[in-house]
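Chemist: For reference, the chains in residue letters:
There are 2 protein chains.
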Amino acid sequence: MDAKVFDAKTLLDNLFDNGILFESGVDGLYGRSGVFEEVIERFEKLVLKVGGADKATRIHFPPAMARQTLEMSGYMKSFPQLAGCVHSFMGDERDHAELLGLMAKGEDWTVKQQATEVAMTPAACYPLYPTVARQGPVPAEGLLFELVSYCFRHEPSKDPARMQLFRQREYVRVGTGEQIQDFQRLWKDRGQAIAEMLELPCDVDVANDPFFGRGGKMMANNQRDQALKFELLIPVTSVEKPTACMSFNYHQDHFGQTWGIRFADGSACHTGCVGFGLERIALALFRHHGPDVSAWPAKVRDALWGD
Amino acid sequence: MDAKVFDAKTLLDNLFDNGILFESGVDGLYGRSGVFEEVIERFEKLVLKVGGADKATRIHFPPAMARQTLEMSGYMKSFPQLAGCVHSFMGDERDHAELLGLMAKGEDWTVKQQATEVAMTPAACYPLYPTVARQGPVPAEGLLFELVSYCFRHEPSKDPARMQLFRQREYVRVGTGEQIQDFQRLWKDRGQAIAEMLELPCDVDVANDPFFGRGGKMMANNQRDQALKFELLIPVTSVEKPTACMSFNYHQDHFGQTWGIRFADGSACHTGCVGFGLERIALALFRHHGPDVSAWPAKVRDALWGD
Chain A
0 MDAKVFDAKT LLDNLFDNGI LFESGVDGLY GRSGVFEEVI ERFEKLVLKV
50 GGADKATRIH FPPAMARQTL EMSGYMKSFP QLAGCVHSFM GDERDHAELL
100 GLMAKGEDWT VKQQATEVAM TPAACYPLYP TVARQGPVPA EGLLFELVSY
150 CFRHEPSKDP ARMQLFRQRE YVRVGTGEQI QDFQRLWKDR GQAIAEMLEL
200 PCDVDVANDP FFGRGGKMMA NNQRDQALKF ELLIPVTSVE KPTACMSFNY
250 HQDHFGQTWG IRFADGSACH TGCVGFGLER IALALFRHHG PDVSAWPAKV
300 RDALWGD
Chain B
0 MDAKVFDAKT LLDNLFDNGI LFESGVDGLY GRSGVFEEVI ERFEKLVLKV
50 GGADKATRIH FPPAMARQTL EMSGYMKSFP QLAGCVHSFM GDERDHAELL
100 GLMAKGEDWT VKQQATEVAM TPAACYPLYP TVARQGPVPA EGLLFELVSY
150 CFRHEPSKDP ARMQLFRQRE YVRVGTGEQI QDFQRLWKDR GQAIAEMLEL
200 PCDVDVANDP FFGRGGKMMA NNQRDQALKF ELLIPVTSVE KPTACMSFNY
250 HQDHFGQTWG IRFADGSACH TGCVGFGLER IALALFRHHG PDVSAWPAKV
300 RDALWGD
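Chains A and B supply the protein sequences, listed in that same order.
All residue numbers for the first sequence refer to numbering that gives the first Met the number 0, where the first residue is 0 and numbers rise by one.
All residue numbers for the second sequence refer to numbering that gives the first Met the number 0, where the first residue is 0 and numbers rise by one.
It should be emphasised that the hints constitute simulated quantities derived from the structure, not laboratory data.
In the DMTMM-like style, the derived pairs of lysine to aspartate or glutamate whose C-alpha atoms are separated by at most 25 Å in a straight line are: (1) B/K157 with B/E37; (2) B/K54 with B/D181; (3) A/K54 with B/E37; (4) B/K44 with A/E145; (5) A/K216 with B/E92; (6) B/K48 with B/E145; (7) B/K48 with A/E36; (8) B/K157 with A/E116; (9) B/K44 with A/E40; (10) A/K76 with B/E97; (11) B/K8 with B/D291; (12) B/K54 with B/D306; (13) A/K48 with B/E36.
Use the sequences and the hints to build the structure in full.
Modeler: Below, the structure is given as structure tokens:
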């Protein structure tokens, strides 16, 4: 691959040609090779090495959550276009015959489905907040969790760094505002150190989330002005518009208030999270170091495959 | 937990009380503790130890696939009630205001969503068949793949062994009928040996899949008569109705014909797969050996945590 070409199509074709990703017929939905998976596993081990001493509590959630959690989170206000809900057929044999008839005629048979109670997880930490709230008062030293989840965002694209289904590894801190901001600063530093170990060029900047509609512009301005969210950006499919591969988020007491996550004195906790876009980081590595992992720079191989 | 009590509710409450599973508000949708995840990881390593010498090609698919793959697979004929499709909001700002209005009134806002091109994966091997077909003719010795995927089935239940989202590890064999039947026999033996190493009581029997409707009864009879699918059953929430924790499937040339998976001479390949229900196996282990993994029998600990 020409080291100067950074466009999305070239990278995606290169990944298909090298058998690193596999087409599915839908943009943003791909199979991953064993090597791609190994790179992700090794990156996760590196992150664990960096953050392991913090002794986070590991919880794992499936790639979808209660629809009610989506509704309460406020996500449908800000990013309605990205959310997904699971719909299923709930009819009888006659309805089933109609469904198959529509399918046979190439018509829209999904009208025979209804919404289930299940919604796709938009970010790894969303199912955590109600889970923490159910466990009762938060101790004064706060809490720290470690999560990995598939996330869904409906934004079909030929940019391989914009998948519809991708994995996020997250650390989530629950505590006082000061504890969260310390945590955010710590991981901003650690994130840049990790990028440096992997010889990936990066910048850290305030985030520009795609809030929906005109009202969304105000929310985006507010997010930037308050500097609540930072992203670690790496050129993957564009130099001018580098890809957010990590994010460092301070939610103030938004989730604490929404879910009733409280200290023993009844005051709402603040929360924050650091997220690693696992597919994006693997893509950045393949983009900068080439399709053959055995030919990656010695320093990078050592960071990923060394002890 | 009383060793004689095998009902679903007792087991689920026990898992919640011990912090092994976490409630989400929706039946069949749970968070998993770090220990639960470790048991699954260790079990997967054991399976890799048993099957590793076969040198399967590893491919990983996200938990959803192209809706067209679901449509072509025939799944909507047999199990329409279990399938799920992802629906998203695709409207403008006015539609968005209406959506938020419905949500605020507690009415069904999901009517503002439309079907995307994305469908939940019903079994780990479904996205593999079109992927194999795209790769051209199958060599005479056939192919062998290794997969792990989240799968979705819409069957809300208080039986923890019947989750809506769960993981399957699969080996998939593509080749001649004889190659597939050899593979099926091999894994039936290996599966029983694995259950024995884990001190889990088991039986292998022909499968009883929940085909939909009256027409489905015929398909179920046909499946039994032809002995195409076997299950390894372990008592988890019932002694009378033990849970299928592994399955050994011979699809004849169904997927070969459907997707055009062919040998160089143009004849359709046969396919078969062995599937491990990872959550079910973890549940069986917790059910039979108790909530504290450090107190599990020495032989079981050695099989999972030994070298």
